[in-house]
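Q: Kindly produce the complete structure, drawing on both the sequences and the hints.
In this text, residue positions in the sequence shown follow our numbering: the first is 17, and each later residue adds one.
It is possible that some hints are incorrect.
In the PhoX-like style, the derived pairs of lysine-lysine whose C-alpha atoms are separated by at most 20 angstroms in a straight line are [to be verified]: (1) Lys110 - Lys156; (2) Lys156 - Lys146; (3) Lys319 - Lys307; (4) Lys274 - Lys212; (5) Lys229 - Lys110; (6) Lys274 - Lys156; (7) Lys325 - Lys307; (8) Lys212 - Lys236; (9) Lys325 - Lys274.
Keep in mind that the hints were calculated from the coordinates and are not lab data.
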Amino acid sequence: MLSVFVRSALTKYRRSWLPGQAAVRAMSSSGGAVSPYTTLSISHPAESITQVELNRPEKRNAMNRAFWSEMVECFNEIAGDPSCRVVVFSAAGKVFTAGIDLMDMAGDVLNPEGDDTARVAWNVKKIIAKYQETFTVIEKCPKPVVVAIHGACVGGGVDLITACDIRLCTQDAWFQVKEVDIGLAADVGTLQRLPKVIGSRSLVNELALTARKMFADEAKSSGLVSRVFADKDAMMAAALEMAEEIAGRSPVAVQGTKINLVYSRDHSVAEGLDYMATWNMSMLQTQDVMKSAQAAMEKKSPKTIAFSKL
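A: So this is what it looks like as structure tokens:
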């Protein structure tokens, strides 16, 4: 949970999803960045797409106390928003995240309340469970989440990205499970999700036990990310294009696919098949199937179909 804590100042990165000023204009014309949060910036760069951006660039996007509750509130809102079909998660500034901001959170973690050992331990467990929910809420959100990573992704950043559905990164990206360097085991998702993302138990053990850095090429070859891009502009353009492709499909099909993928990851094949049958016995009763089949017969893209909101 407690990763690396970097407090050096950085100037705010002026994001651009597509090369040049066209990206900025595209985002502005779609509603621009509006956010009720202090650590996150929310915008709508295209129809049915929500961008969530880590927005503490002067602190290298370190995860302070407000971040943990704002992420839960943000993704719960997105989960219930029928206008959103896909999320792109990114970060402002020169790096994705330096991990948890210990200077802001030390009181919660290092000085918990309690009259005796049992009560202190009980309160620590509640705090850790709260932090775990911050990333589990990404997984629970039925909208697919495409995460775009540039620069450093340290500690809590690895916990975050392993809860996302599709991971992209830049050539300068690097990843580090940092917790053993500061005397504890990672406890908000990395040790549980990273083995299922990468698949190689040996490699996961190596990364978690040595805290060594993994760079972009190894991240791709191991399966942590699916694509690597030359720079952030190219990556963000590709992330938006991918999100638009997903958003152009039936939201019944897309959200059902995500939910069943997550379920099947944690259950046997037989259990996953049974859950899928139970799911589709109702979800197949949608006009989206007929609309999609008609478009296919007419050799039209699914993006030409006006699917109802879900």
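Q: Check the hint pairing Lys319 with Lys307 against an upper bound of 20 angstroms on the C-alpha distance.
A: holds (11 angstroms)
Q: For the pair supplied as a hint, Lys325 and Lys307, confirm whether the alpha-carbon distance does not exceed 20 angstroms.
A: holds (14 angstroms)
Q: Under the criterion that the straight-line Cα-Cα distance not exceed 20 angstroms, is the pair Lys229, Lys110 satisfied?
A: holds (17 angstroms)
Q: For the pair supplied as a hint, Lys274 and Lys212, is the alpha-carbon distance within the 20 angstroms limit?
A: holds (16 angstroms)
Q: Holds or violated: Lys212 and Lys236, Cα atoms, limit 20 angstroms.
A: Holds - the C-alpha atoms of Lys236 and Lys212 are around 15 angstroms apart, at most 20 angstroms.
Q: Is the Cα-Cα distance between Lys156 and Lys146 20 angstroms or less?
A: Holds, because 15 angstroms separates the two Cα atoms, which is no more than 20 angstroms.
Q: If you draw a straight line from the CA of Lys274 to the CA of Lys156, is it 20 angstroms or shorter?
A: OK: Lys274 and Lys156 at ~9 angstroms, within 20 angstroms.
Q: Check whether the Cα positions of Lys110 and Lys156 lie no farther apart than 20 angstroms.
A: violated (29 angstroms)
Q: Please work out if Lys325 and Lys274 have their alpha carbons no farther apart than 20 angstroms.
A: Roughly 17 angstroms between the alpha carbons, so the hint for Lys325 and Lys274 holds.
The structure fails hint 1 only (numbered hints given earlier).
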